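Take any residue in the sequence shown, count from 1 to its spot, add 13: that is its number in the working numbering.
The reader is advised that the hints may include incorrect statements.
What the hints assert, rightly or not - Below are the SDA-like pairs computed for lysine to any residue, each with C-alpha atoms no more than 20 Å apart in a straight line: (1) Lys236 to Met283; (2) Lys242 to Ala181; (3) Lys236 to Gly208; (4) Lys242 to Asp102; (5) Lys236 to Asn263; (6) Lys242 to Ala228.
As the list claims (entries may be wrong) - Have a look at the derived ranges for each label pair, beta carbon to beta carbon: (7) Ala143 to His47: 23 to 33 Å; (8) Pro211 to Leu83: 43 to 53 Å; (9) Gln215 to Glu82: 16 to 26 Å; (10) Thr131 to Asn224: 18 to 28 Å; (11) Ala143 to Pro243: 30 to 40 Å; (12) Arg81 to Pro286: 32 to 42 Å; (13) Pro134 to Arg271: 35 to 45 Å; (14) Pro251 to Gly309: 51 to 61 Å.
Think of the hints as simulated: they come from the structure by calculation, not from any bench.
No experiment lies behind these values; they were computed from the predicted model shown.
Beta carbons are placed, not taken as given, at the ideal position from N, Cα and C, and that holds for glycine.
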Amino acid sequence: MTDRSSTLSMEPATQRRVPDAVFGGAREFHFERHHFDLIAALLYQLAGIALAPHKAEMVYARLARRLRELRLPDFDAYCALLQGDGGADEIGFLVNALTTNLTSFYRESHHFDFLASTVLPDLRMRNAGASRPRLRLWSAGCSSGPEPYTMAMVLVSAMGADLRRWDARILATDIDTHMVETARRGIYPLSGATGIPPAIRQRFTRDTRLNGEPAVEMGEDLKRLITVKPLNLLEHWPMSGPFDAIFCRNVLIYFDRRGRTQVIENFARMLRPGGYLFLGHSESLYGVSNLFRQAGPTIYRRE
Numbered sequence: 014m015t016d017r018s019s020t021l022s023m024e025p026a027t028q029r030r031v032p033d034a035v036f037g038g039a040r041e042f043h044f045e046r047h048h049f050d051l052i053a054a055l056l057y058q059l060a061g062i063a064l065a066p067h068k069a070e071m072v073y074a075r076l077a078r079r080l081r082e083l084r085l086p087d088f089d090a091y092c093a094l095l096q097g098d099g100g101a102d103e104i105g106f107l108v109n110a111l112t113t114n115l116t117s118f119y120r121e122s123h124h125f126d127f128l129a130s131t132v133l134p135d136l137r138m139r140n141a142g143a144s145r146p147r148l149r150l151w152s153a154g155c156s157s158g159p160e161p162y163t164m165a166m167v168l169v170s171a172m173g174a175d176l177r178r179w180d181a182r183i184l185a186t187d188i189d190t191h192m193v194e195t196a197r198r199g200i201y202p203l204s205g206a207t208g209i210p211p212a213i214r215q216r217f218t219r220d221t222r223l224n225g226e227p228a229v230e231m232g233e234d235l236k237r238l239i240t241v242k243p244l245n246l247l248e249h250w251p252m253s254g255p256f257d258a259i260f261c262r263n264v265l266i267y268f269d270r271r272g273r274t275q276v277i278e279n280f281a282r283m284l285r286p287g288g289y290l291f292l293g294h295s296e297s298l299y300g301v302s303n304l305f306r307q308a309g310p311t312i313y314r315r316e
């Protein structure tokens, strides 16, 4: 995380107009504009996430739970904790509480169809004579893990026995450390696995229990392909690449223009020439980067 001794930039919060009705009033914890401003500035500085004005109520609701856990009397005490000597230990909880983790298996399925029908056949053709070709995929913003496990299911299904000669790996990263641990375990409620086609689910998962309820666990052949790590996309990237394809879907919408440009430029640096970048359904590179050309709906190829 960013050095806690550095000066906080208040720009992302003070430039917002937050409705006054959100603040004050009869609440369990008194919540004022300056509390929101400080929290918004911290989240922007540390994670690059810009809190919109209508998120003030969400900030209160999610952090109120944290105040109860810490047995703090009010937001004054919580902001003092964030700014004090123990603030670095609390930052992870703050980021986890305020980031949204909506994901599902085979979400935006046309991306996985393109991976199977275009990306992987192209790689196999270019490496037909190699004895140990290299294949690298990255799920950047993997949340609890359905995206990288779907990528692994597509990879194993499309490559078949030929996959054994490949040095194939999938990197999965997320800023939320709770989500990283969930992805590593690879166990999901049965209700959350309905997006997996029945034949695929039967092949790659096993039935288990999670908190006493029916669940599925991802198979070892999938887990062996995937490395899950915590990563803040606006901080140093320890990996060197290059990657053949990067999935970063519904993540850029949380960044401001400067943050988006920084991340996209780094993706371009990490992708091999001709590598692919997959974005979310509401995201685009229009006006952000000229390093890619569009290869399909929200699919871009590195020039």
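Results for each hint:
Taking the CA atoms of Lys236 and Met283, the gap is about 23 Å. The hint is violated against a cut of 20 Å. For the hint linking Lys242 to Ala181, the alpha-carbon distance of about 17 Å falls within 20 Å, and the restraint holds. The suggested pairing of Lys236 with Gly208 holds, with an alpha-carbon distance near 19 Å, which does not exceed 20 Å. The straight-line distance between the Cα atoms of Lys242 and Asp102 is roughly 19 Å, inside the 20 Å bound, and the hint therefore holds.
Pair hint Lys236 plus Asn263 does not hold up; C-alpha atoms about 24 Å apart against a cutoff of 20 Å. Distance check on the hinted pair: Lys242 and Ala228 sit about 24 Å apart at the alpha-carbon level, beyond 20 Å; violated. Checked against the hint of 23 to 33 Å, the C-beta distance between Ala143 and His47 comes to roughly 60 Å, which is inconsistent with it. Roughly 44 Å separates the CB atoms of Pro211 and Leu83, a value that falls within the hinted 43 to 53 Å.
Roughly 40 Å separates the CB atoms of Gln215 and Glu82, a value that falls outside the hinted 16 to 26 Å. About 40 Å separates the C-beta atoms of Thr131 and Asn224, a value inconsistent with the hinted range of 18 to 28 Å. Checked against the given bound of 30 to 40 Å, the beta carbons of Ala143 and Pro243, roughly 33 Å apart, stay inside it. Checked against the hint of 32 to 42 Å, the pair Arg81 and Pro286 fails, with Cβ atoms roughly 52 Å apart.
The given range of 35 to 45 Å is respected by Pro134 and Arg271, whose C-beta atoms sit roughly 37 Å from each other. A hinted range of 51 to 61 Å for the beta carbons of Pro251 and Gly309 is inconsistent with their spacing of about 30 Å.
Of the hints listed earlier, those the structure fails to meet are numbers 1, 5, 6, 7, 9, 10, 12, 14, in rising order.
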